[in-house]
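Join the two chains, each given in its own frame, into one complex according to the hints.
So the protein sequences, as listed, match chains A and B.
Quick note: the first sequence uses the working numbering, first residue 1, plus one each step.
Quick note: the second sequence uses the working numbering, first residue 1001, plus one each step.
For the record, the hints were derived by calculation from the structure and aren't laboratory data.
These figures come from a predicted structure and were not determined experimentally.
Any given hint could be a false lead.
[As the list claims (entries may be wrong)] To be clear about the criterion: a stretch of chain B counts as covered by chain A if any three or more of its residues have a C-beta under 8 Å from a C-beta of chain A, and this derived list gives those stretches:
| hint | region |
| --- | --- |
| 1 | 1099-1109 |
| 2 | 1152-1163 |
| 3 | 1330-1343 |
[Stated by the list, open to error] Which chain B residues face chain A? A few, computed with CB under 10 Å, are given here:
| hint | residue |
| --- | --- |
| 4 | L1023 |
| 5 | Q1056 |
| 6 | A1064 |
Every residue gets a Cβ at the ideal spot worked out from N, C-alpha and C, and that includes glycine.
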Amino acid sequence: MSIFEKNQKANEEKPTQSNQQQEPESLSDDILLNISKLKTVFSFPANNALKIRNLYLPLYEKNVTVLFIEGTVDGHLIDTTIIEPLQKKPNSPLPKIDFISMLITTVLVTSTTKIITTLDDATMDLLNGNTIILVGEEPCAISVETAKFENRSVSEPTTETTIIGPKAAFNESAAVNRSLLRKQLRNPDFICETVKIGKQSSQQVSVMYLKNIADEAIVNNVKKRLKDIETDTVLTLSQVDQYIEERSYSLFPTTLMTERPDRAASFVLEGHVILIMENSPTALVAPTTFWSFIQTVEDQYLRMPHGNFIRIIRLVALMIALLMPALYIAVTTFHSGMIPTDLLLSIAATRERIPFPVFIEILIMEVSFEILREAGVRVPNTLGPTIGIVGALILGQAAVEANLVSPILVVIVSITGLASFTVPDVSFNITVRILRFVFLFVAYLFGFFGMAIVAAFLMAYLVSMKSFGVPFFAPLSPHLPSSKDLMTRPPIKKQWLRPLSMSPNQKVRSSKPKGMQNDD
Amino acid sequence: MKRISLLVSLIPLLLLSSCGDKLELEQHAYAVVIGLDTNDEDDNLIDVTFQIANPQVGSTDTGAAANEPPSDIVTFTTPDLLSAKELANSVITRKISFDHLNTIIVGEKLAKTPLFHHIIASAMIDPEIRLENTLLVSKEKASDFIDANIPKLETRPHKYYFYMRQRWRDTGFVPLSDLNRYFQRLSGDLYLAIYATTEKNEEVRKNEDHYVAGQIPQKSGDPVQMMGSAVFKNGKMIGILTGEETRMSLLLRQKPLSHYAIQSFTDPINNDYRISTQIMMNGKTRVKIDASSDIPDIKVTVPIKVQVFSNPSLTNYTTNLKHQETLKQSIKNELEQIAKDLIQKTQEEFKAEPFLWYLEARRQFWTNHEYEKYNWSEKYSNANVDVKFDVKIESFGAQMKPEVIRDTGKD
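Bound conformation, chain B alone (with noise of 0.2 Å):
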């Protein structure tokens, strides 16, 4: 009897825990993107906008509405991204839920304000807002960007940025951009967000990957264009890097993220002509850092695989060994100078370092504390930095001929 007594009394217990106020899935309203931006008349206010993804649209047949567009876009301004979230419940029938955001868009103009990081680092209050999620600058305002990304292919929104970070960090055109990658990397070297926009300021250039978001050549197809990476230091945004500088930067790091990609380059004996080729990573990037002095030395070679895909200038590269020298001789140069170029960049333009490199600077001192009285990123503005590629090139594209196996009479 006071084993049941017992029992019956814990019942209460159960219906008081807090788990009272759960509210069911369908009451939620799931907001997959936030937009970031100043707003125009306060400084000191943002306006966040709030893509929320319409359940009943592009998921199901059973329970599909009709006549409702895939998602609500709803801006509000506030002083921070929390207190918009409870005021955004005027005015949304549900609740909103940040569990199933995708992407934090942020506009130019706010991320070139020390405001910027103020509003993001005290959002990450709200367990909510995941380290997962990706960052992701537009060059116009963060509410126009939303409102006019209406993705051909995709109806549901949060689809749209999963399938592009996707091929985000196959091609490197973009950097690998989360949350939680900006707040490792707060302290002195550079954060690469992804930069994109819906504005076309189109220009045509040669080389394929030598664009910025918005000047990338293209007739009808969705308006967005994802290309380059913005800086970030400290927290705050300072510049743009190119797709191809984005690229480079990641091929310099310890530990590449994209592990092939299709570039071309010049055709050595037909100016005219470019060659596309693939790059693989044949290993690891090697960085040997001397820190000893005030002007450190810092060593790059980055070991990389060419396979030739297209070679429009009909040069024979199959064959003829000579010609296959020049264009290996060419692509590292050519890999090189971009390299070189990109480095100078950041040591004047940025005076930090976007490669990641600082990791093995700071091996090179016993303490923490060393490292820190180094004080890397300042000293890294003058580094003597040498970039080698070790470019070694697998094949030449069609092959006509089966080929000659010489015998080297080494064994």
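One chain only, chain A, in its complex shape (with noise of 0.2 Å):
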């Protein structure tokens, strides 16, 4: 057993290295050397990228520089909310207090606007799409919030599609992301946390739970892990969820990404952590078990008989994907009495004239079809079509015909295939795809006594497996009171207990349906 326990991560063992805390520079009172010294952080001239625009101000008798970042703000923003206020006069009188306070509090007609002292808040705002207005004899600066990033607009899923339900994905914009959130939650207890993480361009990380549900163990064990990260720069969550995850040689997932906001709020009404993070079209769901991995949100929106039925289909589709080649390799290998005669002789006449034993000949087709899967991803769409004919050639008749494999195994490839892109999680589409090619292989040295003992230290470790403290299995094993939304589900007014693996702080959604008998 021991080669399969999880190496820990490392740097929750590690002692967080004491960051030399400095002293903020902050900002001095003489304008032009505040401007020198952002120009400096930002490389100026030599990098176009800092705007500065300087003003003076006759009605305040006072010199204004105005900077910002190209290509994070609104340029038509800043025109009408902070260049024109500024030079014109204000209706009314204006009010006996200092300049700054005035300014943000008469003049700047912004949403938000706060005041900074240090050049690194003066910096990472410039970043983040603000603006800052430098006033002269100032010790401070305004920082008025007019960010815009080229974004695309909210479209459809496209790898969680549904028949029914919404329609709407995330995007690589943050704000979109949590704002879809929102739209499903309009709950005063949705929580939105902000981690930063990265040393270098410090990204943040959204973490959004709801307050009065989600355990708070569960929670600062997700933000912990967030802030370990010890790199300079993390591009999209994906990075991030492979740096907080447990195990990083494990083939199983641990966390989840959806890209439907559906899905992860139903995630967050569980007591799940979510993570939104800028420039990721996916929210990542923590903690994570099995079953979120082989359900879709289909399952719920549909009635409760078809929805049961389209997750039997993908449980045995799930099966067939991870065992079939195995189970033929393995039947026809050692336990041929198990095929019926006609089919034994079909099998047999064919396979006479192919030069190659069973176990190589399931081998080509299966990599072939593992390279086309490949293929049809990394293909350029004008080249689409193409992926399909050659594709139908070497996992068809033209292979038949060149005596490379046999009928009945192109059903086997096919069936499998099939059957895989039924499981709709990505990461654990590829597990089963990987763990098939294992069962492959013992199949063909041991037959299914071979299976059973692969199945049997599969199981073993996929019970053992944690997600975030919450076991991989869990509520089915370790046995804890829910709604059994596992393998099947109830109706949905009989899922009134949420799982208790999550140790959510309110355990139940309403009170217990009339007639039911104490659930476990």
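This is the structure:
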């Protein structure tokens, strides 16, 4: 068993390195000095991203400098909400307070403004698309939110498609993503915390959860792992995922990526934590159990019998995707008595002319299929149809006619390939495809016996795995009270209990429906 | 590093497993039928005939071979079945496998010698020989039977036996006989095996089921006739039952295997004709055994439902209640007579019973020891057997008018 023992995440054990907390450099009251410092930070004028606009305000007899970074701001917004109000004479009499406060309260007409006093804050805000207003002889600056990054509009989900249910998907803007989630959950307890990661170009990760449901220990665990990330830059959530997961070498994912706001919201309602990050068109769900990987939102959107039907179909497909080639190889090499005589004879008849053992034969087909799959993803759109034609030739009649494979194998590989497409999660899908080869190999060496051994080890590994402290097969094993939304699901009215494996603060969604015996 | 070296050192272990001598599917020769005969020259040797299916004929278009026969039939003379399997590889290119063995055919001559049981019992050591294999006794030598059995509609030999076995279960002309049942019924009671032949000795009889294999009048068609059963006692064949007797013996069992059968009876009104009917079980056969004395009392009640199928004499049974009663009585008498004759035959000729009544008799004793001491099969030959048929006629064939519902005044 020791080989299956996980490699504990290294940075969990290491003592957090004492960051050399330097005293942040504050802004001076010399406006020129401040400007030149900022110029140095942004390598002005070699780097022409920093835009500087000097203004003299005759009304107040002040020198003001407006700074922003090109590409992060909405120029029109700066014109209408900063430059114009500064130069226009206000309609009302000016209050007798200091100039900075007066600007914020009376002149600037934007929704979010704040006063900053350090150079680091100024740099950070500039990078995030704020406009900095430096005022002569004042040791502070005004930061106005004018961010506007280029972004595509909300579109339909591309990987988690459903027939019914909402059609919106997350996109690359964290603000949009958070808004999509807020739209689903209008709840004051829906918390959005921000954790900064990355040493050099620090990125913000939004940690979202329901305060009154999510277990504090889980939330803190997630936040701690985020804070422990020690690298200069993390570009997307997929990389964050790899930093915070427990077992980097494991075949099984312990977090889930979803591009559907409705799915993310349903996880939030069960006490999971959602991570959202700029530039990532997905939300990361932690912790995750095995069940999340084989379920789709549609199971819950459809009526109970219909939802269960597609769930069972998917379970069967999962088994086929995992075991079908191995079963075929085991049966034909070791347990030929199990095949109906007619089938046996027809397999034997076609196998007679094939020069390879059945293992090589199936390997040829499986590898071709995997190549085809990978090619299908990487191929430029214009060449798309070509892949289809070439693939059909390799996996079809031509391979049979060339006596490379027997016809039944084409059926086996096709059904396996087809079945593997029903696994909804991308990571888990690849897991299944890798494990298929493991099963294939032991089935060739030991038949059913080998498959049973591998399956037993696999089960042992899976039940010992944990995702952020939650066992991978919970609440089935270890058995904890839940609404039994596992392999199949009960009618929606009976799903009154949250899975206690998530140790939610509120255990029930509604009062227990009448006529239900004590759950568990 | 340690883990990796551990894993690497495990790899040769995989290759050294005993599964290294496995063969691919097509490297086996699948014997689907085995024939067993006594050797003509040495009584202690047997002739083993293998019928090996040719995968390339009749199974698939892509791998079809044009000029090969559907099966290869070879006969070897050896002391037993397993040495024949080994010897066969001096002739047959592929390794013989019994994985898909379907039917074991025993020549009547071998079946009547004690050698048969030794051969078949010792062959069970081979795990490839399954207990579901059908046992079939052929009147002629099994090798001749296999040679002559070229069915017209089935190219592949195993398919012929597969289909036939399904028919056997339905008609009840032959018993359901497999090795499992053979080994179960070795101690005193009779085991019925399918009796078949390709040698014709045709006789036309009025009663369509009163034949044994070979006697059925037949023009053209498949060469094999399967009818009646070979009776085994203690692993040795001792006689033959006709189709009718076989059917009756199945009917008298507590749990009949055949659920319906089409059988004809003499028309009681017009004796020149016969009425053909469908007989169905109307519940289970009830067997009551009193084994308290040395002469056991056996009372059997067979509840059956009868549907008249054809009535060539055109006697009015449909509306004439008196005729109905006559018919019912006549069917009952006829069935009881057949049963009586059969029981007499088993008591006098075979001195054992094929009706599985021993199961009921055994229940009369507290311990198995007591039952063995009682010696049921010996006592059976003197037993008083009373068979009653509880006949209920359900319909009288074609009905021209709707039935008149009479008010019986009961409710």
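So, going through the hints one by one against the coordinates:
no.	hint	result
1	1099-1109	holds (count 3)
2	1152-1163	holds (count 4)
3	1330-1343	violated (count 0)
4	L1023	holds (8 Å)
5	Q1056	holds (5 Å)
6	A1064	holds (7 Å)
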